[in-house]
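A.B. asks: One letter stands for each residue in the lines below.
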Amino acid sequence: MNNHVRCLLISLPILLFALCGCSSPRSKFVLLPSPDGHVGNVTVASKAGEIHLAKPFESIDLFYPDDRPSQPVIMTEAEFNSTFKDALEAQPTAPLTFLLYFEPGTSRLTPESAKTLPVIIDYIRKVHSSDISISGHTDKVGSRDVNVRISRERANEVAKLLTSMGVVAESLEVASHGMELPLINTPEGVPEPRNRRVELVVR
Amino acid sequence: MYHGLCFLLLLMVYNCSTVFAADSDAVGRVKTIKGSVYILRGGEQSAANIDMKIVRNDILLTGKQGSMGIVFNDNSTLSLGPDTKFQLASYEFNALEKKAGFVGQIRRGTMIYLSGLIARMNADATRFETPVAVAGVRGTKLAIKVEGGDNE
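Line order of the protein sequences matches chains A and B.
When you line the first sequence up against this note's numbering, it's residues 1 to 203, in that order.
When you line the second sequence up against this note's numbering, it's residues 1 to 152, in that order.
Keep in mind the hints are simulated off the structure, nothing from the lab.
If you're wondering where the values come from, they're calculated on a predicted model, not measured in any experiment.
Glycine included, each C-beta is placed from N, C-alpha and C at the ideal position.
Each hint should be verified, as a subset may be incorrect.
Unchecked claim - Partial chain A-side listing against chain B, Cβ under 10 Å, derived:
1) Ser27
2) Phe29
3) Asn41
4) Val44
5) Ala45
6) Leu53
7) Phe84
8) Asp122
The shape of chain B in the complex, shown without the other chains (with noise of 0.2 Å):
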């Protein structure tokens, strides 16, 4: 068991030099898409598409018959339903400088979350902004529904 343990630490620690040696800007990437899905970003909107990836701050918005997927560098993993409208608003993920964080903040819409290694570098480090409340997740997989939110 303890050495389970330590190896899974490990194999987290590696993982995410990895990937930020390898790009520093993406932190994700989209991996599913149906319907109408946009993203905003710097002001600017652009229509999603697979692969492309996703930085801080960036907006996410999906049509009435929209979904999406993202796969984050802590292979963590968040899907939108339609109608959503969901802002990275920080992501830390770097072992080597010990940072590890995740705020998204969904205004309207449906959202999954499954957590990934920035929960096992930090239990207290992942958290979820609605309207009307805030939620910390430990290490697990959460669903949300925002109703009657932000209508921009």
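One chain only, chain A, in its complex shape (with noise of 0.2 Å):
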């Protein structure tokens, strides 16, 4: 056999073996530690079987689907940041919650909640937010109809101040849940300062 054909054959297996190789769909999975430094749990699982990682930066590689995953191994922080890099960059903020809270049976806010009102605003403007949620509830005091007027009204009034301290009014999701929303479940009839709130997510 001539010795070129000959090459041929033994490199074309190889070649296609390491084209192959290259296009083969390498996932890389990394447990990280929540904003809050909770750490919870990942499992990863291939068609051969299943891995748990529950340290932060612990990593698995998997290569193919009938790959078994083995030992996860700790990634460093600095090989973490460089190969996620721009997915990094990209994070948004998260949303963040806040209540206000109101007088029994109307739409007037505690004298503390009117105080947390400039530093809700100066929040909104710090991440530039155009998407904010207002919804307002009561305690159960009350039929189920005045409470769905009030909490309204409740909703209303933090949208109007809001708009009055220079937020758009277009950024703002406005929606009521009468009583049937309580943080503190309590039975009817019961007052509950906490229930009587406006909760605004900011994202």
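The task is to assemble the complex, starting from two chains supplied on their own in separate frames and drawing on the hints.
C.D. replies: Okay, here's the thing in structure tokens:
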């Protein structure tokens, strides 16, 4: 056999293997601590088995669907930061929830809650939010219908206060839920200041 | 501690319903963008922009220098690095109907996910699929890189 042909016959499978190797969808999984320091856990499963990641920066690489996941390794923070640099920089600010409380049966903010409004406004400006949800709630004193009305008035009052302080009305989504979604569960007729509230989620 | 947990749980229950009452189609919004970023929805590809709504089954694509960040209705966040293809295969978040679930498919590129209220409602309802494996995420932050995947 011609030497060239023999060479080709030998190298072709190697070349094909190398090409396949290149396009095999290697997957890397890395467990990270949450911003509050909490570390949950992740189970990585291929067709051949599964493995748990439970420590910060524990990672596992898999090359083929029938790869059996082996021992995870700890990725250095430097290596992680360079591998995921752009995704890290693209992370959005996590939404923040504010609670505002009201005087019983009214849409009048408690003095303490009135004081927190400027803090909220500062935060909205800081994160340039144009996506804010406002929802009104009541405790379980009074009838359902009355509470639906009060919760709506509370939500509208907060929307009015925010727009009067310069927040664009189009950024706001206003909803009201009456007494149906208490933070603190109580029997009907029981006053509960923590349920007389508006929840404001800034995204 | 117990009261704290109760508070958190109730806060969570409440939040979900609020979001759903406001908009039942959008499940998240684009919050950060760099370079070229596209959303493929029902076969139509369009350039993504800030505050654009994300719906179920959207395919998110970033260019060679592109990246993007999304905040979902349950307050979970997702960011994608360059040359990434990600599909939001499933998203359920409705406290009143007790539905919670998040399934993402990353075909190539990099992503970082930080879990939100869905994970607190159902710890086993979040997973990410790559061409070779599936990651079940229980209330935490996870990064995935897929190399040499789908080049469409």
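A.B. asks: State for each hint whether it applies.
C.D. replies: Hints and how they fare:
| no. | hint | in the structure |
| --- | --- | --- |
| 1 | Ser27 | 4 Å, holds |
| 2 | Phe29 | 5 Å, holds |
| 3 | Asn41 | 5 Å, holds |
| 4 | Val44 | 5 Å, holds |
| 5 | Ala45 | 5 Å, holds |
| 6 | Leu53 | 8 Å, holds |
| 7 | Phe84 | 5 Å, holds |
| 8 | Asp122 | 19 Å, violated |
The structure fails to meet hint 8 from the earlier list, while all remaining hints are met.
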